[in-house]
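Dock chain U against chain R, hints included.
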Amino acid sequence: MKRLLILGPLILFVILAGFLAVGLHKDPSEVPSPLVGKPAPQFSLPRLDDAQQSFSPKEMLGQVWLFNVWASWCAACREEHPVLLELAKTNAVPLYGMDYKDTQEAAQKWLQNGGGNPYIHSVMDETGRVGIDFGVYGVPETYLIDKKGIIRYKQTGAITTKLLSDTILPLVKRLQAE
Amino acid sequence: MIPEIGHFALILALLVAVVQGVFPIVGAAKGNVAWMALAKPAARTQFLLVAAAFLSLAYTFAIKDYSVLYVASNSNSKLPLQYRVAALWGGHEGSLLLWAFILNVWTVAVTFFSKHLPQVTRARILGVMGLISVGFLLFLLTVSNPFERLIPAAIDGRDLNPLLQDPGMVFHPPMLYMGYVGFSVAFAFAIAALLGGELDAAWARWSRPWTTLAWVFLTIGIMAGSNWAYYELGWGGWWFWDAVENASFMPWLVGTALIHSLAVTEKRGSFKAWTVLLAIGAFSLSLLGTFLVRSGVLTSVHAFATDPERGLFILAFLVIVIGGSLALFAWRASSVGKGGAFDVLSRESFLLGNNVLLVVAAGSVLLGTLYPLFLDTLGLGKISVGPPYFDSVFAPLMAPAVFLMGVGPIARWKKAELPELALRLRWAFFISLATAALLPLWLGHWTPMIGLGLFLAAWVLLVSLQTLRERLTVSHQSLPERIRSVPLAWWGMWFAHLGIGIFILGVTIVKGFETETAVRMKTGDVAHLSGFAFTFDGVKSIEGPNYIAAQGTINVTKNGKAIATLNPSKRIYTVQNMPMSEAGIAASLTGDVYASLGEKLQDGAWSVRIYYKPMVDWIWGGCALMALGGLLALSDRRYRAAKRKAVYQPVPGAVAA
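From first to last, the protein sequence lines are chains R and U.
Using the working numbering, read the first sequence as starting at 21 and increasing by one per residue.
Using the working numbering, read the second sequence as starting at 221 and increasing by one per residue.
Just chain R, same shape as in the assembly (with noise of 0.2 angstroms):
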């Protein structure tokens, strides 16, 4: 009885030590978007490469496509860079880009600085607007819509290589499909 008293502790340590583990894996700011199965919020920009022209999700009805929200002062948004190039050479899925809460001038300096411009287009919400219909809470944020305009996908958090070909990818395969 003694014994098992004094081994107490160290055995709830394993177990929560188990647990910590297990949990390092998961990403608690991966919760179930509520858009997640909804038509993805309207709304027409400005461009950032040339701001006289606008972008509005409605002229993508058709395709299936990624929406990846970034900012010049995010700094998980350069991890993923790189990876966001790759894919914009395979042209597997057309990803345009949303240059949230910043100014032209740095968003374009910072494209040129990080290795080249991997969307398609990317708009300017400089004030966050679109960005709280999206529910954005943290930069970098990707949604995945469907032909329809269905967001069928959300990441929040840099993209991952292994994301990308494990997840991203077989699903934007399906919807292709659909």
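Keep in mind that the hints were calculated from the coordinates and are not lab data.
Among the hints, a few may not be true.
[To be verified] Dumping the calculated DMTMM-like pairs for lysine to aspartate or glutamate here, alpha-carbon to alpha-carbon at most 25 angstroms:
no.	chain 1	residue 1	chain 2	residue 2
1	R	K182	R	D69
2	U	K634	U	E418
3	R	K129	R	E106
4	R	K182	R	D153
5	U	K820	R	E79
6	R	K129	U	D376
7	U	K760	U	E701
8	R	K182	U	D596
9	U	K634	U	D596
10	U	K781	U	E819
11	R	K174	R	E146
12	U	K298	R	E125
13	R	K129	U	D285
14	U	K820	R	E198
15	U	K284	R	E125
16	R	K174	U	E690
17	R	K58	R	E198
18	U	K335	U	E224
19	U	K634	U	E690
20	R	K174	U	D596
21	U	K298	R	D186
22	R	K182	U	E529
23	R	K167	R	D153
24	U	K284	U	E418
25	R	K109	R	D153
26	U	K820	U	E701
27	R	K129	U	E368
28	R	K182	R	E106
29	U	K634	U	D745
[To be verified] Taking CB as the label site, the calculated pair distances span:
no.	chain 1	residue 1	chain 2	residue 2	range
30	R	A126	U	L595	48 to 54 angstroms
31	U	L595	R	E106	34 to 40 angstroms
32	R	Q62	U	I222	50 to 56 angstroms
[Claimed, not checked] Pulled from the structure, derived: some chain U residues nowhere near chain R, Cβ distances all over 12 angstroms:
no.	residue
33	A249
34	D379
35	L383
36	G457
37	F511
38	I534
39	A547
40	R552
Ideal Cβ placement from N, Cα and C applies to all residues, glycine included.
Here is chain U on its own, set in the frame of chain R:
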């Protein structure tokens, strides 16, 4: 160049820490005096090296060197100097460097105040602290290097998170860390005692002042953090049961239990194994707190860097330190002898009861904090555990603890008599009951929680008075002599307990009787709340060093008499384009009037939130009294005596009045 010197100093510090961690402990086991003697010079050298690294980073912040990634990410050229320096611990890497630095401050303090310890014990203590340092320095150098260069350099920095640009940021983290890390000393003493197999009264006596000091720092740190949240977040709240607040609160609860358990071990020789377990527990919870904040397994307003790689490192470190020490405990604790016997009704059992309640309370906080993680891991869905859980679990656990706290100091060691105790405490009990029943009715309304809170507050205050009265009527001396004859340690206990009463009073009144309203105000509009009239006098713009602000003016009157002018403001920090509200508060002993500015509406109107927080400052006043109690206990003459004999001397407080 300076950052490279800092980086290099950290590498050297790691090497020295390895020497400090390995040779003295092996030397102590083998009886090698020369190896044991390495502990002191190694500890001091390591301190100098880590201090050099710390100062290098501070200097890099001060001169605005944005070719260092960490500086560029957490500072800005327009940031005032005091915040540029405090920005050092505004991010992940720097706060770890602060951790390592403070660990070294404690270690070097041990080298200076441990002359009376046997060399073997001292070698083991410093060795254990060296090993902890190895872990943190490795962590810094491998995955959290604050000196990493950014090439090409940034033109300007990303600025410190505006939430952190506050005097609270300058004091709160260092105080908190002094507390957290301070428990490493008690931990090292416990491990040294386990390694040596000598768990005796002397070990408890040496540990006590270190534990008390760490506890004082932690108390002040938590108090400062709570106060900061109160005026900076603009919601009028002072405790949110956020994961990181919990991470600092759990070691506090266990540390409080440890302080009391150490007292019993020193005076009565009882609870030895339990005390060792608490010493391990307090520090383990500090480490666990670091893990929870840094690894990203939980979401929190405090979590600034989440990175699985770092999380894995800390987890491995955690398993080695906590798992290792608990295994050592399981191996050695059974050889610990039994202490003095005591009756079911005695000061020992009251203290043990309190101890268990404090630990269970800490356990319930831990459970609530990790519950979302457990469910997620088991695939049972995502939930958040919020204040309702903590309020409903914590209060019922603490109520009996606070009740026992009143009885403990008045009960005899070894064996107390229930009829006698009841006789001495009957007035306190009945007056507390009456207060709990009647005072709320006079104040406005009665709920079970208000009744319970007021009962406990009155109980603590009245029993404190009773304890003081009995203490001062023992002998036949004159009153001033009697007051002088009471040891400072006793006053420390008295003030700390009184602080708990004051704290409970503040919490109960503010939770039970606070009022708030959200109004739309134009210049000249008047709002009414709890008998106060708030007149909105418009908003003007103000320019700060790195922000622009709209500052409102609200004149507060009561019965036509001017009470205060509040200046809540809304700042936009230009670099991060982040809005922050600064509350306008007029504090007084009876209550705070509190206003915060919301959004600008059409035609010059603003949304304004107004609160009345009765007796809210008593919450922090109570904490300050607890910290004062700890400081008084530390100033007791037995700690000041230059050369104390190693024999065990009961202090006068040990004999019940």
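How the hints compare with the structure:
{"no.": "1", "hint": "K182(R) with D69(R)", "result": "violated, 30 angstroms"}
{"no.": "2", "hint": "K634(U) with E418(U)", "result": "holds, 24 angstroms"}
{"no.": "3", "hint": "K129(R) with E106(R)", "result": "holds, 20 angstroms"}
{"no.": "4", "hint": "K182(R) with D153(R)", "result": "violated, 29 angstroms"}
{"no.": "5", "hint": "K820(U) with E79(R)", "result": "violated, 35 angstroms"}
{"no.": "6", "hint": "K129(R) with D376(U)", "result": "holds, 14 angstroms"}
{"no.": "7", "hint": "K760(U) with E701(U)", "result": "violated, 60 angstroms"}
{"no.": "8", "hint": "K182(R) with D596(U)", "result": "holds, 22 angstroms"}
{"no.": "9", "hint": "K634(U) with D596(U)", "result": "violated, 48 angstroms"}
{"no.": "10", "hint": "K781(U) with E819(U)", "result": "violated, 29 angstroms"}
{"no.": "11", "hint": "K174(R) with E146(R)", "result": "holds, 22 angstroms"}
{"no.": "12", "hint": "K298(U) with E125(R)", "result": "holds, 21 angstroms"}
{"no.": "13", "hint": "K129(R) with D285(U)", "result": "holds, 21 angstroms"}
{"no.": "14", "hint": "K820(U) with E198(R)", "result": "violated, 47 angstroms"}
{"no.": "15", "hint": "K284(U) with E125(R)", "result": "holds, 23 angstroms"}
{"no.": "16", "hint": "K174(R) with E690(U)", "result": "violated, 68 angstroms"}
{"no.": "17", "hint": "K58(R) with E198(R)", "result": "holds, 17 angstroms"}
{"no.": "18", "hint": "K335(U) with E224(U)", "result": "violated, 36 angstroms"}
{"no.": "19", "hint": "K634(U) with E690(U)", "result": "holds, 19 angstroms"}
{"no.": "20", "hint": "K174(R) with D596(U)", "result": "holds, 18 angstroms"}
{"no.": "21", "hint": "K298(U) with D186(R)", "result": "violated, 45 angstroms"}
{"no.": "22", "hint": "K182(R) with E529(U)", "result": "holds, 16 angstroms"}
{"no.": "23", "hint": "K167(R) with D153(R)", "result": "holds, 20 angstroms"}
{"no.": "24", "hint": "K284(U) with E418(U)", "result": "violated, 52 angstroms"}
{"no.": "25", "hint": "K109(R) with D153(R)", "result": "violated, 30 angstroms"}
{"no.": "26", "hint": "K820(U) with E701(U)", "result": "violated, 64 angstroms"}
{"no.": "27", "hint": "K129(R) with E368(U)", "result": "holds, 23 angstroms"}
{"no.": "28", "hint": "K182(R) with E106(R)", "result": "holds, 13 angstroms"}
{"no.": "29", "hint": "K634(U) with D745(U)", "result": "violated, 67 angstroms"}
{"no.": "30", "hint": "A126(R) with L595(U): 48 to 54 angstroms", "result": "violated, 41 angstroms"}
{"no.": "31", "hint": "L595(U) with E106(R): 34 to 40 angstroms", "result": "holds, 36 angstroms"}
{"no.": "32", "hint": "Q62(R) with I222(U): 50 to 56 angstroms", "result": "holds, 53 angstroms"}
{"no.": "33", "hint": "A249", "result": "holds, 22 angstroms"}
{"no.": "34", "hint": "D379", "result": "violated, 10 angstroms"}
{"no.": "35", "hint": "L383", "result": "holds, 16 angstroms"}
{"no.": "36", "hint": "G457", "result": "holds, 21 angstroms"}
{"no.": "37", "hint": "F511", "result": "violated, 7 angstroms"}
{"no.": "38", "hint": "I534", "result": "violated, 9 angstroms"}
{"no.": "39", "hint": "A547", "result": "violated, 6 angstroms"}
{"no.": "40", "hint": "R552", "result": "violated, 9 angstroms"}
Hint compliance for this structure: hints 1, 4, 5, 7, 9, 10, 14, 16, 18, 21, 24, 25, 26, 29, 30, 34, 37, 38, 39 and 40 are broken, all remaining hints hold.
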